[in-house]
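K.L.:
The chain contents come next:
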Amino acid sequence: MQNNFDEIIEKLDNGELWDFPGGVFPAERKTLSNQTPIQKLPIPEQLYVTVKQHIGVEGHLIVEVGQKVLKGQALTKSMNPFAVPVHASTSGEISAIHKHVSAHPSGLPELTVQITSDQQDKWTQLSPMVDYQNQPTMQVLAAICDAGISGMGGAGFPTHIKSSPKKDVDFLIINGIECEPYITSDDRLMREHAWQIRQGIDVLCHLLKPKHVLIGIENNKPEAIEAIQVACRENPNYRVCSVPTKYPAGGEKQLIQMLTNREVPAKGLPVDVGVIMHNVGTCFAIADAIFSGKPLISRVVTVTGEAVEKPGNVWALIGSPVAHLLAHCEYKQEVQKQANIIMGGPMMGFSVTSELVPVVKTTNCILAATDHEVAGNNEQACIRCSACADVCPASLLPQQLFWHAKAKELEKTQEYNLFDCIECGACAYVCPSEIPLVHYYRIAKSEIRVEQEEKQKSDKARDRFEKREARLIAEQQARDEKHRLAAEARKQAMASSGNNSKDKIAAALARAKAKKINSSEAEHKHKEPTGVTLADQSEAATKTDTTASSSNQRVQAAIARAKAKKAAAESTHPKSEPNTKNASDKLEEIKIEEKQLEVKQHETPVEVITEQPSKVEINTQADNTDSPAPQHQEPDKAKSKQAKIATAVAKAKAKRDAQKRANDQDTTDPVPATKMHNTETDTQVAPAKTEEQQIDMKKRRIAAAVAKAKAKKAAENAAKSKEDKSS
Amino acid sequence: MTLTYAILTALLAIGVLALIFGLVLGFAAVKFKVESDPLVEQIDQILPQTQCGQCGYPGCKPYAQAIADGDEINKCPPGGDGTIKKLADLMGVEAKSLDAAHGQEDIKKVAYIREDECIGCTKCIQACPVDAILGAAKQMHTVIVDECTGCDLCVDPCPVDCIDMVPVANNASSWLWNIDAIPIKQIG
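Residue numbers (the numbering used here), protein chains in the order written: chain A, 17 to 743; chain B, 31 to 218.
If you are wondering where the hints come from, they were derived from the structure by calculation, not from laboratory data. The model shown is predicted, which means the values in this text are computed figures rather than measured ones. Take these hints with a grain of salt, some might be off.
As the list claims (entries may be wrong) - Covered stretches of chain B, as calculated for chain A (at least 3 residues, CB under 8 angstroms):
| hint | segment |
| --- | --- |
| 1 | 74-84 |
| 2 | 158-165 |
What the hints assert, rightly or not - With a cut-off of at most 25 angstroms between alpha-carbon atoms, the simulated SDA-like pairs for lysine to any residue come out as follows:
| hint | chain 1 | residue 1 | chain 2 | residue 2 |
| --- | --- | --- | --- | --- |
| 3 | B | K115 | A | Y456 |
| 4 | A | K476 | B | V185 |
| 5 | A | K422 | A | V446 |
| 6 | B | K105 | B | P88 |
Every residue gets a Cβ at the ideal spot worked out from N, C-alpha and C, and that includes glycine.
Taking the hints into account, I'd like the entire structure generated from these sequences.
P.N.:
Written out as C-alpha cells, the structure is:
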C-alpha cells in the first residue's frame with residue numbers, strides 16, 4: 017500500500033528515512049577530484065556535436081557545411097515532441113556534417129556536426145524569460161525544449177516531457193545523490209552554483225506544482241548539503257534530505273523508495289506514484305535557459321583516475337573530444353598497460369573506442385584509471401553463492417537471469433523480470449567469480465528488443481502482403497466482370513441485329529479470300545521486288561536454293577534462308593525497330609555499302625541476280641539486320657539474361673553514339689568523308705560475322721560484343737574527326 | 031412397494047440433476063467459449079513474413095497451411111534456427127536443422143535500386159510481395175527500405191540488373207553489445 021503524503025512528511029520531519037534492498041559500498045575515491053573548483057577549459061579547435069544525444073528522436077538538421085554559426089545557435093530543430101535540438105557550443109564554421117564515432121558503448125558512428133572554432137566565442141542573440149511566472153506553461157516548456165535540455169543524470173530523457181505530466185505530483189525530488197565512485201561533478205556544481213540550482217527548482221515548481229520538494233544529497237557531501245540548505249532557506253517547502261551513502265542510492269527508483277517508501281511499478285514511471293525526479297545538473301541548465309536564455313552547450317565533467325596528473329572538474333563544451341579534456345588534466349597514458357578511458361563511472365560507465373569521442377549532454381565523468389583500479393576480465397564459473405541476489409537493489413535473482421541470458425532463453429529471462437534490472441552493476445561488483453553479469457543482461461535486453469522489432473516488422477509485412485493479395489484478387493475479379501459484361505453486350509448486339517451481322521461476317525470472309533487469291537497471284541509474278549512481303553521473301557529464298565547449282569550459290573542460299581527467317585521474326589516485332597533518326601540514317605548507308613560488297617565478294621553470276629531479284633534484296637536486308645542487329649534484337653528471342661543486358665548496353669551505346677553525332681553535326685558541318693569512314697569500318701566486320709552466323713544463329717552475344725566495339729570505334733572516329741576538324 | 035418407490039425417486043432425482051447440470055454445462059460452453067487461435071494462424075505468427083517463397087510456397091501463409099497439414103518445419107531460411115525451434119515447440123515435433131535445399135540463413139538485407147540505371151520497366155514492382163517498391167512505367171523506381179523484407183524476389187526480374195541486396199547497417203539501437211568486437215588500442 018502506498019504511503020500517504022502526511023505520513024511521509026511526518027517521518028521526514030523526524031529525520032527518518034526508509035531504505036531500499038541490497039546495495040553495496042564500493043570505495044568512494046571522490047576526494048581525487050572534488051578538492052578543486054570547476055575549471056574553465058580553452059576552446060577546442062574542433063567540436064563534434066552529435067545530433068542525437070538523448071532518448072527519443074533526433075532533430076532535423078537546419079545548418080549546412082560551410083555555414084558560420086554563433087555560440088548557442090541551434091543546429092537542429094525538433095519536429096517531434098520527443099526531439100530536442102542541439103546547439104553550437106562555440107562560434108565558428110561548420111566544417112563537416114558526417115558520421116563520427118559516438119559516445120555509446122558500441123562506438124558506432126552517428127551523425128555529427130563538426131564545428132571548426134574561430135576562438136572568438138561569440139554568442140548568438142539570447143532571449144531570456146525572466147518573468148516566467150507570468151508566462152503560460154506551454155511557453156516555458158517550449159523554452160526548455162528549445163534550449164535542448166534533456167536529463168543530465170544518465171538516461172537523457174527530454175526534460176520538457178518529464179515536466180508536463182498528466183497526473184498530480186506529490187513530490188518533486190531533486191537528485192543530488194551522485195552515488196557512483198569517483199564522480200564529483202554534481203557535488204562541485206552544488207557547492208559552487210547552489211543558488212542557480214534553486215532557481216531551476218523554482219521553475220520546475222512553477223511547471224509541476226508539487227506539494228513538496230525533496231532534495232536528496234548523500235551524506236558524504238556535507239559541503240554540498242550546506243550550500244543547498246543555505247540557498248533553499250527561504251522556502252519552507254524545499255527540504256534537503258541527507259541520505260546515507262550506499263550504492264546505488266542515486267538510482268531513480270531507489271531514491272524514491274528511500275525518501276517516500278513508494279515503489280515504482282514494473283514498466284511504470286515515477287509519476288505513477290506521484291513523484292517526478294530531476295537531476296541537479298538539469299535544474300542548473302533550466303535556470304540557465306530561462307533566466308539568461310542560454311541553451312545547454314556546456315556541462316560539468318569530472319576528469320579523474322590515477323592516470324591523470326591533475327584530476328578535477330571542468331566546464332566542458334558539448335562536443336569537445338575526450339582527448340581535449342584529458343590533455344588539460346594531463347593524462348599519462350604510459351601508466352596504463354592498455355589505453356583505457358571510461359566514460360561515466362566505474363560501475364556503469366563504458367570504455368570509449370577512440371579519444372575523439374565527444375562529450376555529450378549525459379557525460380558526467382571521464383575516468384582514466386590505472387590497471388590496479390579496475391578489475392580485469394577474469395570470468396570464472398558461477399558457484400551459486402547468491403551474493404548477487406543479496407545486493408540487488410531491484411530484488412531480482414541475478415543468478416537465474418545469468419543462466420537464462422547465457423543460454424539465450426529470452427522468454428525465461430523476461431519471466432524473471434529482466435527489464436526491471438537497472439544495470440547498476442552491484443551484482444557484478446560482489447561476484448567472487450568476477451562474472452560480468454550486467455554485460456550478459458545488456459546482451460539479453462538488446463536481443464529481446466531486436467526480436468520485438470522484428471516481430472513488429474513481420475506483422476507489418478504480413479499486413480501488407482495480405483492487402484496486396486486482396487487487391488490483386490479484386491483487380492482480377494473486376495477484369496473478369498468487365499469481360500463478361502462486354503461479352504454479354506456483344507451477344508445481345510448479335511441477337512438484336514440478327515441475320516444482318518451474319519451476313520457481314522460472311523462478306524468479310526469472302527473479302528479475305530479474294531485478297532488471298534490476289535496476293536498469291538502476285539507472288540508468282542515477282543514484279544515488284546521492293547514491295548515483296550515477308551512470305552514472298554522466304555519463298556524466294558527457297559527458290560534460290562533449288563535453282564542454285566554452284567557450291568558458292570548454295571552457301572549463299574543458306575545464308576539467305578537464315579536471314580529471311582530473321583527478317584521475318586524481326587518484322588513481327590516492329591517495336592524493336594531503331595527509333596532514333598540517326599540510327600536509321602546509318603542503316604541506309606550500310607544498306608548501300610552492303611549491296612556493293614555483296615556483289616563484289618561473292619562474284620555471283622549476274623543472271624542469278626536478275627533471275628532472282630528478291631535475293632539480293634533479302635541479302636542486303638538481312639545483312640542490315642546483322643550489322644546493327646544486336647542494337648535492336650528482339651527481346652523475346654534473346655531469352656538469356658546476358659543477352660538482355662548486352663542489348664540494353666548496346667542500345668544505350670547506340671543512343672550515345674547518335675547523340676554524339678548530333679552534337680558533331682551541330683558544331684561542325686557534316687563531313688561526308690567521316691561518315692563514309694564509319695560505315696566502312698562497320699561493313700568490314702560484317703562479312704566475317706555472316707560466316708559465324710551461318711554456323712550458329714545463337715551466337716548473338718558475340719555479335720552484341722562486336723556491335724559494342726563498333727559503336728565504340730564509331731564514337732572514337734567521330735571524336736577523331738572532331739579533333740581533325742578543330743586542328 | 032417402498033423399495034420400488036425409493037429406486038424410482040433416486041433415479042428421478044439423479045435424472046433431474048443430470049439434466050440441470052447438462053443444461054448449465056451446455057450454456058457455459060456457448061457463453062464462455064474461448065476463441066482459440068487456429069493452428070495456421072499460430073504458425074503464421076511465428077514465420078518471419080518475408081514472403082520470399084524459398085520454402086516452395088507462394089508466401090508465408092501458404093507455408094503455414096502446409097505445416098499444419100504435415101509438411102516439414104525446416105524449410106524457412108530467413109527464419110533460421112530460431113523459427114524452427116519455435117515451430118518445433120508449437121507442433122510438438124523435434125527441431126531439425128535447416129533444409130539446405132531451400133537455402134541458408136543469411137544476414138538481414140534490403141533491396142537497393144541503382145536509380146540512374148533503372149529503366150522503369152515496373153517488373154520489380156510486380157514481383158514485390160509487400161508493395162515496397164515505388165515507381166511508375168518509364169519512371170525511376172525506388173525501394174521503401176522500412177517496408178522491404180529482403181526477400182530477393184525483385185532481383186531476378188530486373189532486365190538491367192540494377193537491384194542490389196545491401197546488408198542492413200548496424201546502428202546503436204540494434205547493436206547487440208558484442209563488446210569483444212570493438213577494437214581496443216594496444217599500447218607497446
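K.L.:
Now, for every hint given, state plainly whether the structure supports it.
P.N.:
Going through the hints against the structure:
Three residues within the 8 angstroms Cβ limit are the bar, and the segment 74-84 of chain B against chain A gives 6, so the coverage statement holds. Interface restraint, the segment 158-165 of chain B with chain A: holds (4 residues with C-beta to C-beta distance below 8 angstroms; minimum three). Between B/K115 and A/Y456 the CA atoms are separated by roughly 22 angstroms; this keeps the pair inside 25 angstroms, and the hint holds. Annotation: proposed proximity of A/K476 to B/V185 holds, straight-line Cα distance about 22 angstroms (limit 25 angstroms).
Among the hinted pairs, A/K422 with A/V446 is consistent with the structure: their alpha-carbon atoms are about 19 angstroms apart, no more than 25 angstroms. Simply put, B/K105 and B/P88 have alpha-carbon atoms about 13 angstroms apart, close enough for the 25 angstroms limit, and the pair holds.
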